[in-house]
Amino acid sequence: MVKKLMKSIREFKTESLQTALYACLEVVMEIVVPFLMASIIDKGIYGGNLNVLAKLGIAMIICVLLGMLFGLLAGAKAAKAATGFARNLRQDMYFHIQGFSFSNIDKFSSAGLVTRLTTDITNMQNAYQMIIRIAVRAPLLLVFSLCMSFTISVKLALVLLVMIPILGGGLALIVHKAHPIFEQVFDTYDYLNSVVQENLSGIRVVKSFVREEHEKKKFNKVSTDLYNKFLKAESYVSLNAPLMQFVVYTCLILVFWLGARMIVLSGGVDLTTGQLTSLITYAMQIMISLMMLSMVLVIITIAQSSCERIVEVLDEKSDITNPQNPDMEVTDGSICFENVDFGYYKNKDIYALENINLTIPSGATVGIIGGTGSGKSSLVQLIPRLYDVTHGRVLVGGKDVRTYDIETLRDNVAMVLQKNVLFSGTIKENLRWGDENASDEAIIHACKLAQADEFIQTFPHKYDTYIEHGGTNVSGGQRQRLCIARALLKKPKILILDDSTSAVDTKTDALIRKAFREEIPDTTKIIIAQRISSVEDADMIIVMDDDKIDSIGTHDELLKNNKIYQEVYKSQQKGEE
Amino acid sequence: MERRYTSATIKRLLNYIISHAKIVFVVACICILISTAANVIGSMFIQVLVDDFIEPLLLEKNPVFTELANMLLMLAGIYLIGVICTLAYNRLMIKVSQGCLKNIRDDMFNHMQALPIKYFDTHTHGDIMSHYTNDTDTLRQFISQALPQLISCSVSVIATFIVMLRYSLILSLLVAVMSVLVFVVTKFIGGNSTRYFISQQFALADINGYIEEMIGGQKVVKVFCHEEKAKENFVKKNDALFGEAQHANKFANILMPVLAQIGNLQYVLVAMIGGYLAISGSENITTGVVVAFLTLSKSFSMPIQQISQQVSMVAMALAGAQRIFNLIDEEVETDNGYVTLVEVKEENGQIIETNEHTRNYAWKHPHGDGTLTYTKLQGDVRMFDVDFGYEENKLVLKNVTLYAEPGQKVAFVGATGAGKTTITNLINRFYDIDDGKIRYDGININKIKKADLRKSLGIVLQDTYLFTGTVMDNIRYGRLDATDEECIAAAKLANAHGFITHLSDGYNTMLTGAGAGLSQGQRQLLAIARAAVADPPAMILDEATSSIDTRTEKLVQNGMDSLMHGRTTFVIAHRLSTIQNSDVIMVLDHGQIIERGDHDSLIAKKGTYYQLYTGAFELE
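Chains as they are written, first to last, in my numbering: chain A, 1 to 577; chain B, 1001 to 1620.
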């Protein structure tokens, strides 16, 4: 799992190593400085030698400045390495998602993917910074400090050696105990947030049913629950400081006692007062490095679940990939379904389409009618290979769609999805999604076909009008027509409109169809619609019901023979939309 | 952090922290003091050890250690008390901090419930949510970590400095000067760090927005083979974020090492200057004093470094607190209504208030002279010359006059932005009118208590919102005391019973994520059931059946008709078949009613409605 993430370090390997190096040097200075401190006291001050004092002082100032330099460098390099790693990881993940097929996208919710790309990456960044900086520094500091104390006095160093496992074990135990409770806390926290989120989204419902008190009660219950869980979790964490103090204090008393005796009994030979003070400094450094290690432990445990979530995305293999020797040309717009079954779930026998057989000649206009969930969208999504069939095959231009180069196929099969999305940017920029190099004339021509030119001309900035995020500043019908124009710019051999004119009035709808008939007669046109009027002049109409093709025919034939078609027709006779 | 609100914010925050647990907080503070005192005493002990024990004992031939042992035992006692106090205050502070956070959360949420719809329409959800997440998180860290540390560090700094002064004025001055250096460095590095963190926040918001938009439209990206382009823009934003994040982290990272080395520098300077003074014998400084001072200087710079580290956390917490207080201070929905809705029964032609569930309602209207009148609730809604705009100087409704007689079905037709939904927003007082009058059963709606006004109006919205919970819970949201049977009856009325029984657990199926597993049409059916169970005297249906296909709509229609029977109903629909049988149809255009009448008369008129009907105009 970690290996997968490590790949994203790339060019920041240098900085990462530099961080570790500078952190080591920083530690060296931190070790040397207390040593010099002891000498200053013993040789300089007690020795009463100004010359020695000056020399030692200057030496120490140099060490301090070096220490500062290394600290600065380590901090700066760590920042670069960690944020750079985060940048690469975010990019790798985003690029990987770009390769996802529709069923990959369905598997992760888009909110889930966004969290992984944002919060989880930030957690990884923090953990990485911790690891290269602190996780190198703390153990080194621990070992060096311990070594130095051994050189000063083996006996006193043994005291410290005994204390290390006590404190280390205690801290590890606290983390171990607290972690599962914190997991619960964060779950509750998520739940609390979702209650707020729901309240915000449903505030009109809350207010119109006068349910404010009910909502308050609901929230209060969660917030009390969160309070209790937090108390429990934090009471473990609150043991950290006293434990640390206890161990440090015990160390101090023992060192004081043993140290004082040693100095006195040896007459200052085995140990000097200066050495005693530096020993205490080393003892503190050992404790602090243990504390840092426990912090690293906490951060790593937090990062672990983020890491899992990220790797889950990176491990997801796109299930639609290019064939080995792909066909680079689609000869015509004919479509053929041969015994097609299709289900969205790989491992379940739930089918969204069953036993579909269908032949559409190139250039035909096909209408598809059917209730919600009858399988209309599933059917057309197989044509540009947005999903792969479970059984049978789909042919475009006489060849199985799985033999084509995906980009070639999709450029020739333009589809306007039911969930139309425009992106923030000008109208022109949005339309150029269809053809990056389209001339202004081509764009205007496509918009004229889609009956969009007229309203675009009424905007003050015309084709340079800025579309807001989600296309909220154009009306539903306008958005649909822009999406159609965008698809037309691809000059496809097959054009699929998945309920794409529902918000367009019948007159404009008719004009669009007329334009299609006259201007792109060779393109196969598939139109899914709720309205009978949108499909009645099609060459063939497919009636879908319950994942199957119920009937195929022309408007007149179906009106005569098909019960569903009759019902739909009747329900729309009272008043057209 | 701006200065003008800081002191008020701090005061208010402290008040929040203290008020709910005064005694606990005071005890905690005492414990912090004792624990700090123990620590300070301990750090000064080394001096005592050297001067009073080691030095004299070194001179003796047969040193006796009993006194030292006693002294150390006493120190152990002090330390023990210190540890116990540390444990105590850490525990107590959890109660203080978590209690405070709970109060803040509850206050925020409760206050939010009282805010007008306008607040929710003018603030993004993400923004409001961050009060509950980021802002409270920073407060949590501040109260449970930074605050105790600030208290204890200031105490030790002051105590140490006093002791220092007693030893040597000159050396104390030196330490003071170094502290100023620490302050300047903290201000510079911390300031830079904060600045970059803010620009990092912007870069992060930018890329998050982009990711959200692109991932949200990922299927369109795929259909247009637009992956490469999507990557290109992403890389730009990602690199920008990298730049800012790198600087922000850099400054945050270097603060501590720099401060630590300044502490060491201070140590050297004290040693050199003090040593010089002692050795040259010019001042009244002995070598012992210098050594003691060195220890003190260490215990002085440690807490100062710790305080400096907390600076940015304090700044962030105060900014968070300020945002939270802004929400809590947000003006609530005003409600001066005094007319209430009560259940009544009629006896001898007189209306009498009752506790029984008669499902007959009347407006209880107290008058200035102390008398009470009851007006039967009928659902007669009239608007007179109403003007309204969401923003000043931008009227959405102009001079709207309309009347709905009891039991009538009134429909609004018009393009997006024509003002259809706005009218319903005014009737239930989500927004208040700028000019004109609205009367409900002859009573000015400003006099009616908002809760009662809204109870009298059932509403089904286009974007149906379902809450996490079972299907049954969601239907029952309409009337909390409704029985299962009543809920099921309502579902049958809305033609939702069929699909509910096909769900995995029937009525007990859990709905999550705003009813994600259901189609838009099914959600609308549930919303209709929810309104049906509430059984309100009047209803507003805002595009309530827009996502239900025409065949199913016909089935729902019967239920809807029986639901609407005898009730005043306002219907907004862009599908004209939905509203054809209305008693009155109003055609709205740019905030004005341009045509009114029933279907036949409007068709005969051959005006806008006729053109809509024949498909000459587009409706969205």
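Treat the hints as calculated values from the structure; they're not laboratory data.
Keep in mind the model is a prediction, meaning the values are calculated, not measured.
Mixed in with the good hints there might be a few duds.
Where chain B lies over chain A, by a calculated footprint (3+ residues, C-beta under 8 Å) [claimed, not checked]:
id : segment
1  : 33-46
2  : 250-264
3  : 540-547
4  : 551-558
Cβ coordinates follow ideal geometry from the N, Cα and C atoms, glycine included.
Hints versus structure:
By the rule of at least three residues with a Cβ nearer than 8 Å to a Cβ of chain B, the coverage given for the segment 33-46 of chain A holds, with 7 such residues. For a cut-off of 8 Å, the count of residues in the segment 250-264 of chain A with a CB near a CB of chain B stands at 8, and the three-residue condition holds. Counting residues of the segment 540-547 of chain A whose beta-carbon sits less than 8 Å from any beta-carbon of chain B gives 0, not enough to reach three: the coverage restraint is violated. Three residues within the 8 Å Cβ limit are the bar, and the segment 551-558 of chain A against chain B gives 0, so the coverage statement is violated.
Violated hints, listed in ascending order, are 3 and 4; each of the other numbered hints is respected by the structure.
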